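Asks: Below are the chains, spelled out letter by letter.
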Amino acid sequence: MIVAGCDVGSLTAKAVIMENEAMLSSAVIRAGTRPAESAEAVMEMAAARAGLKLADISRIVGTGYGRERIPFADSVESEISCHAKGIWRLVPSARMVIDIGGQDAKATRLDANGKVGRFIYNDKCASGTGRFLEIMAEALEVPLGQMGAMGEHSRQKLTISNQCVIFAESEVISLVNDGKELPDILNALHHAMARRVASLARSIEVVPDVVMTGGVAKNCGVFNALSKALDVPLKSLDGMDPQIMGALGAAWYAAENEKNH
Amino acid sequence: MSIFAGCDVGSLTSKAVIMKNNKIIGSYILKSKPRPGDSAEASINGALEAAGLSLANIDCCIATGYGRDKIGFADGAVSEISCHGRGAYWLLPSAQMVIDIGGQDCKVMKLDANGRVERFTTNDKCASGTGRFLEVMARVLEVDISELGSLSRKARAPVTLASTCTIWAQADVIKYLNSGTAIEDIGAGINTAMAKRVAILASSMRTEGDVLMTGGVAKNTGVVSTLEKLLGVRIKKTRKADPQLAGAIGAAVIAGNGGGI
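Line by line, the protein sequences give chains A and B. For the first sequence, the numbering used here gives the first residue as 1, with consecutive numbering after it. For the second sequence, the numbering used here gives the first residue as 1, with consecutive numbering after it.
Derived by calculation from the structure, the hints in this document are not laboratory data. Computed from a predicted structure; not experimentally measured. Watch out, some of these pointers could steer you wrong.
[As the list claims (entries may be wrong)] Derived BS3-like pairs: lysine-lysine, alpha-carbon spacing no greater than 30 Å straight-line:
| id | chain 1 | residue 1 | chain 2 | residue 2 |
| --- | --- | --- | --- | --- |
| 1 | B | Lys236 | B | Lys20 |
| 2 | B | Lys33 | A | Lys228 |
| 3 | B | Lys219 | A | Lys124 |
| 4 | B | Lys125 | A | Lys218 |
Turn these sequences into a full structure, and let the hints steer you where they fit.
Replies: Structural data, given as structure tokens:
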């Protein structure tokens, strides 16, 4: 039995293909302006990697911001549910999922059965979302994917005091003009981001184990800073890509639906 | 007769005013330079030149604004709130509420009958509702910020910006531009979004008397007229001087009082 999950976010589209509860392949692409096209492209890429065709997949669950526009999805699930499902299947001890996406940040509590409890999200303000890092990467002319590693070379502690992305960007530019070192600025940005996300998570009470999902979790600077800001070590995903957790959870929904059929 | 000066070094613009006999005899506005000291120097020199005077002719100069502590030639520094209150009172003695929108903040002040600030509230945490919001949007629309206000008058079907956050609203504006929406309709939507945000701050401080708007945004007719509708009051216009000079005027008046507010 082959199933799949497809997560069409604001910035990226992700797909996961599973057979008999084991992952066969995954794919992540930059999302275009049309969610349907992004969904098709990412699903085809994941299928090709598994040596499959779309027709070989018996059930597909869609999720993410563009989930209603995935033409081949048999059903849809919310992002909160999918991230919780993906994480619970991977890390059964997880009681809190912090997911930072391109345009939002969410914290979700799970019980021992993987059921979603309290959750909170910020999609009103770009601060504490992936967009914050994207804008800073552009301003500093650093590739987004290298921010984390570069920040690890920081030697001097700096603080970004503004929460607003617009004001923080000006603050960063002043730091550059003051001759501050790039790793120090990056490190300060990671901590600023972590502080914002930590205060969101604390509002629904932080219960370990805590895991981090979404593309921003790949930034080791934010990952470590969040651990510090929460005063809780973040549980690792054992080499699994944190960005595909929503798609993985959607694939698990597809597997469960298929079983119950 | 003594001659006094006020110098208001803001985040985006710097202003200086020379006063003699309670009248403005020279003023100057320029875009702020990276160093507040340089901005102060350039603004006072511009105002002195307009008045046909030199620094030696000034009996007392008071500095205000975000860079007020870094101005070598000033005899003292006074907070922005006090200076804007004083300046507003000088511009319109009947003013009871003053809405001052600066480059990076928005202040709402309640004045007593003598022009002293009784209460005030500010937003300097979020770029939305500050001059910065309009600056960002003007850049996206590729119009000069001074032309933004008049777009409201020419709009036929103003758009609605769904997001308060400057970053998300900017993405909305880009979408409208890409879909071919008329620039006037987008501009009107921007001015309305700005007015809505300021109205929230202003309505926390209702007063019976006259309302005066100061700061550069007071020159944006689109924002002012929408704000009038939202607050249900007429916003008084002052012809005595450029409303953007209010802080510098207040500083000069305070200089004339020997530094007393």
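Asks: Checked against the structure, which of the hints given earlier come out wrong?
Replies: Going through the list in order, the structure violates hint 2 alone and respects the others.
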